[in-house]
Structure formats: C-alpha cells, structure tokens
Amino acid sequence: MSGFGKSLKIALGLIVIAGLIVIPMNFNRYGLFILSQWAVMTIAAMGLNLTLGYAGQVSLAQGAFVGIGAYAAAIMTTHGWPLPAAIVVAIVLSFAVGWVLGYPALRVQHHYLAFVTLAFSTLAFLVFRNESWLTGGIYGISNIPRPNFFGIATNKPLPFYYVCLGSLAIVSVAVWWLIRSPWGRAFMALRENPLRAQSLGIDTRRYTLMAFAIGSALGGVAGALYAPLTQYIDPVPFNLSLSLDLLMMVIVGGAGFYFGPFLGAMIAVLLPEWLRFTEGYYLMLYAIAVMGLLIWSPTGILGILDRYLAERRTKAASAQRAVAKSRLETAQ
Amino acid sequence: MSNLFDLLVAGLATGAIYALVAVGFTLLWQTSQTINFAQGEFVMLPAFLMLAAMHAGAPFWLAIILGILLSMILLGLGFKLLLVDPMMRHGVLPLAIATMALAIGLKEAVKQFFSAEASPFPSIVPTGDVSILGHAVSLQSIGVLVVAILAVFGLTALLNRTSLGHQMQAAAQNPTVARIIGVPVERMILLTFLINAVLVALASLLITPIYLAKFSSGEVLGQAAFIAAIVGGFNQVRGAIAGGLLIGVLDNLAASYVSTQYRAAVPLIFLIVVILFRPQGLLGRAEERTV
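Top line first, the protein sequences correspond to chains Y and Z.
Residues in the first sequence are numbered from 1 upward in steps of one, following this note's numbering.
Residues in the second sequence are numbered from 1 upward in steps of one, following this note's numbering.
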C-alpha cells in the first residue's frame, strides 16, 4: 500500500517535472517570463520557508536579500564576471548579512522580530536607492547580460527559463536534503519548543543564526537570477512589498510544508496573470482570493490537503479498529 | 533657532496624526492580537469616502459625518466581522497576512473606483499664519494639534474615567476573568474596532489636506504609525501617543539636519535600537497589557 503510494508520488513528480520542461516550449515570450519569475520567486520563498516555516523565525526582510543578490549579480555581470561567480558572491553576501540580521532574533521573538526585519528591509531599500555610485540609484542598472553555459547562449527566453528551472531543481534538492538532515530536525525543534531543544543539547543560538543565514542566502540566489531575467533592475521591485509578498507566498502555500512555496509562488505570480482579463480588477480579486483562502484555511493550501489526509487516515484507522473488534468478538 | 522652532511645531503636528493612528493600532493589538498591516490604508480610505459624499452633493460637514459613519461600518464593524473574527483563533501571523492582502485590495479598489491621481481635499482649518512668540505658525499645524490632542484626551478620559473604559481595559488585560465578572468582552472588542475606525477617519481628515488624497498615501503613513506604536510601547495608549509625537519630530528634524535621502532611515534605526534594548517600548511595561 505505502509502496504503491510512494511510486504514485514519484510518478506524479516526474509528470510535473516533464510538464515544466516540455509544455513551455511553445509559450510566447511573456509566458516564459512569468514562468521564469515563478521559478525565481519559488527559490526566494523556499528560503523564507526555511527561516519561518521550519525554524519559526518571522522575517520581513526576504525581499531585501533578493535585492542584495540582484544588485550583486547586476554589478558583477555588467563588469564582465560570469553569472555563476556572481551567484556565489550573492550567496556569500546574503549569508553574511542574514547571519548578522539573525542576532536580533536571539533577543526578541515573534512580532518584535518581524518589526526589526521590516525596518532592515526598508533600510536596504534606502541604500539601493541612494548609493548611486554603486547601484545606479533610481536609474538602476541596465543591459544586464544573460550567461553562456557550455557555449550555449541563454539570451532567448526559453534557454533562460531552463536556467531558472535548473536552479530551482538544484535548490529544491538541496533544501529537501537539508530538512531531512539533523540540521532540519534542529530547525523544527527550534520552532516547536526552543527551551526543550536547548535542554536536548541543541545549540539554539547557532541554529537560529543559521536559519536566518541559509534562508537569506536562498533569497540572494533568487536575486542573482532575477537580475539577468529582467536584464534591468532599479530599487523599486525590492521595497518592502516584495518582502510582504514573499511572506504571503509562504503562508498562503503553507508554512512548514516542503511544497508550500511552490504553490504560494504560483498563487502570487500566476494568479494575478490569470485574472488579467478582468483588467483593473485583477489585483483586487487577487487580494480577495488571498483573504478568502486564509479565512478558509489559515495554514495555507497545503494545510487543507494535510487536514484532508489526516481525516482520511483517522477514518481508515477507526474502520480497521472496528473490523478487528468484530473479528475478536466472533472469535470469542 | 527660529528654524528649529518651526521644525518642532511641524513635527508635533505630524506626530499628533501619527499618534492617532498608532493609538488605534495598539488598541486592536491589545484586544484582539490583530497586527493591522492595512492601518495606513484605513487612513487613506475615509478621505475618499468623504470626497465621494461631496461629489454626490453633500456639504463638507455632512461629508465628514458620513465619512466617519461609513468608516465605522466598513473599517470597524465590517473588518471585525468579516476578517478578524474568523481568523482570530488561528494566531497572529495568518491574520497579519490577511490584513496585508486587505491593504492591496483597498488600494486597488480606490484606484479602480475613484482615481489613480491625487485629489485635493478641503481643510477643516482655515489657511494662514498666526504669530506665536514672534514666530509665524501655520493655522493648519495648530488646528491639527488641537483636534488630535482633543481626540486623545477624549479617548484617555473614556478609558480611565468611565465604567465602559474600565470594562474595555479589563477585556484587554484578562479576557477570561473579565468574562467571569460579567464584562461583555465581545462587545468591548467590537468597541475598540469602532474607536479605531473613528481615529483613522479623524487622522484622514487631518492629514489629507496636507498630503492630498491618493490611493497609495497609506503606505508611508501606515509605516510611520507602526514605528510610533512600537517605539512608544506596543501595549500602552500613552506610549503610542509619545511614540507618535517623537517619530513626527524626529522625522522633521532628520529631514533638515541629516539628509533628505536618508531621512526615512532615522526613525527605522531608532526603531531597531529601541526593540533591541527596550523591546517593550519606551513607556511600555513588560509582561503587562493595559489599554
């Protein structure tokens, strides 16, 4: 039974992956852009899901890390560095800044932590806007090149979509591995009961900082892909609302669920596009949809699925109990 | 020196508006653990309700009354019944996210149904200057300060001097015990939502003549009020007032003494320092909740 369920899951996963590779082949330019954006935002949301969903540390600064990554990539690639090098720099930079941002989390928790990270997010935006010697200020950085991989240029939308998808695949595998490693378990212990985690010998200090740093580093990766995707960046996309959007993606998808960010990013990036036919009303409908969903299921989309599966399992278990009981009775 | 005086007066006037918004913000937090990310949009909306009433032919005074009433219905009653009530028991974060979505919805609704452009808004105070201690002070600043101070005093008197206020405090401090001794906790919570709606409508009335009515004007204001509430003390009405005035003055001083580019950074850095060294806020008390 469980073997069958597992192979079903694997088959489903393979179909989805094949679909993501094959179906976009005849998409137009804009469709590919939106889908690439989905892949990039999913990476950033996965990072936030690690910090928030698994380690339980509220962060309203993920958008700032996407910005840091994007600027690192934009500045380096326009100066002739290859994109992979820029991604490494983006990771290191976001990791370091995220580590430092984790220190307030050692002192304050929950909403206070949210406020500190919110302030950081706005400060980062001010730096992007005002330090024009580095970031180009409000004029931004244009003509960001797309990379060549193994001699294949990715200037066209389709090849670059595969770059984004490939990066998403690598990040997904890494996160999958991470949450199943002792580190992932330590993160969850931190979320569920920090005091008990500490008494079990988990260095909560280090893991709190790690949760922030790794989550932020993924934000940096997303940013480093965002810059060559749009080929032009200015400070506006990296203001506070990006951080809020990313937080919304994680909660709407289902915080603490591995597939939550995939669905959340899908809602946040694709749903407004699907609603475009309503013209001026599309963002309004999107807002109503998000509120409705959260009222229905505060644990997000995967929360609904989780509840449904749990219910079915209880039902199956009680049915089995009933059968066993009647067998016992007939045997007597 | 005269420059400093002008800055202080202007800062106190903006700060008084921040304080109104911040007080509402803390009231919602205390009675229902609602972090209202749409508070800035709550301030933006009443001005448009009043403008709509005026477009329909109502005189200004009637438009103000209608605006406040509609704000109580939509932003007080409606907000509580439709969004807060179904989500309250699920914790702070999902509700906070829902209010973020609400903020987007309100902004888009105003943009779509009213206008994407900034509209002028009449002032309740006549324009002009009066001379105080040899300084020209704009009547508008004085008017804003007077109205805001009256509102805050009225609210404080309500909370501290009346039986109703005491019941509200009890409902906020310990809902369970309050319920046992017969306080209608649910009604008290609803009352704080209505008070918040009146406060944001007042703030809207005071600030819109200065900054024009625009669908996006809530963003900056909401954040300022947010910072004011936390800096002053998230769990204290007088903390929110002090925080509002402080942030208003700090903002104005930073604009002329630091740099226009980084003026917005000053309150933020102040916020981070306060949270790290005094998380309960400057006037707040730790572990205790008081209206």
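Keep in mind that the hints were calculated from the coordinates and are not lab data.
Among these hints, one or two may not hold up.
Claimed, not checked - So the derived label-pair ranges between C-beta atoms look like this:
1) Y:Leu-275 <-> Z:Leu-69: 26 to 34 Å
2) Z:Ile-210 <-> Y:Gly-280: 25 to 33 Å
3) Z:Arg-89 <-> Y:Leu-12: 52 to 60 Å
Think of the CB as a built atom: it goes at the ideal place given N, C-alpha and C, for glycine as much as any other residue.
Now the hints, each set against the structure:
1. Look at Leu-275 (chain Y) against Leu-69 (chain Z): about 33 Å separates their beta carbons, and that is inside 26 to 34 Å.
2. A beta carbon spacing of about 28 Å between Ile-210 (chain Z) and Gly-280 (chain Y) agrees with the range 25 to 33 Å that was offered as a hint.
3. One distance hint, 52 to 60 Å for the beta-carbon pair Arg-89 (chain Z) and Leu-12 (chain Y), is violated here, with the actual separation near 34 Å.
Of the hints listed earlier, the one the structure fails to meet is number 3.
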